[in-house]
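Asks: Sequence:
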Amino acid sequence: MKRTKRSVRGGMKVRAYDVLRRAVEEGITYGWRWAHKHTDTPGEDAIVDQIIQGVLNEVCEYFDFDDEDCPA
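Numbering of the sequence shown is given in the working numbering, commencing with residue -17 and proceeding in unit increments.
Possibly wrong hints are sitting among the right ones.
Said to hold, decoys possible - Ranges between beta-carbon positions, derived for each pair:
id, residue 1, residue 2, range
1, Asp31, Ser(-11), 34 to 42 Å
2, Phe47, Asp22, 35 to 43 Å
3, Val30, Arg4, 18 to 26 Å
4, Val1, Ile34, 16 to 24 Å
5, Glu26, Arg4, 23 to 31 Å
6, Gly(-8), Ala28, 41 to 49 Å
7, Asp49, Thr(-14), 18 to 26 Å
8, Asp22, Gly(-8), 21 to 29 Å
9, Gly(-8), Ile34, 32 to 40 Å
10, Gln35, Val(-4), 21 to 29 Å
11, Cys42, Arg(-3), 17 to 25 Å
12, Gln35, Ala(-2), 31 to 39 Å
Calculated directly from the structure, the hints in this document are not laboratory data. Every value quoted in this text rests on a predicted model; they were computed, and no experiment measured them. Each residue gets a CB set at the ideal place from its N, CA and C atoms; glycine is no exception.
Whole structure, please, built from the sequences with the hints as guidance.
Replies: Structural data, given as structure tokens:
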């Protein structure tokens, strides 16, 4: 099922900083948990990689980019 995008009209305005902050926080949490999913002691590289991937996935959930580079 494909979601259709609708423009917001009128007096509403998105607080982009707050939305981005939330996406980053959720991505960090998700990445940290994913890095620890199969081991209690993941390496630093694994943690960093999973956090980066988690943040990028969450940002792509909330924001659209013209170049369509988001894999989500």
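Asks: State for each hint whether it applies.
Replies: For each hint, the structure was consulted:
1. Asp31 with Ser(-11): 34 to 42 Å: holds (36 Å)
2. Phe47 with Asp22: 35 to 43 Å: At 36 Å between Cβs, range holds.
3. Val30 with Arg4: 18 to 26 Å: holds (21 Å)
4. Val1 with Ile34: 16 to 24 Å: holds (19 Å)
5. Glu26 with Arg4: 23 to 31 Å: Cβ of Glu26 to Cβ of Arg4: about 26 Å, so the range 23 to 31 Å holds.
6. Gly(-8) with Ala28: 41 to 49 Å: Distance hint for Gly(-8), Ala28 holds at roughly 46 Å.
7. Asp49 with Thr(-14): 18 to 26 Å: Because 21 Å falls inside the window, the suggested range holds.
8. Asp22 with Gly(-8): 21 to 29 Å: Roughly 51 Å apart at Cβ, these two residues miss the hinted range, so it is violated.
9. Gly(-8) with Ile34: 32 to 40 Å: Roughly 37 Å apart at Cβ, these two residues keep to the hinted range, so it holds.
10. Gln35 with Val(-4): 21 to 29 Å: holds (25 Å)
11. Cys42 with Arg(-3): 17 to 25 Å: holds (19 Å)
12. Gln35 with Ala(-2): 31 to 39 Å: violated (22 Å)
Hint compliance for this structure: hints 8 and 12 are not met, and every other hint is.
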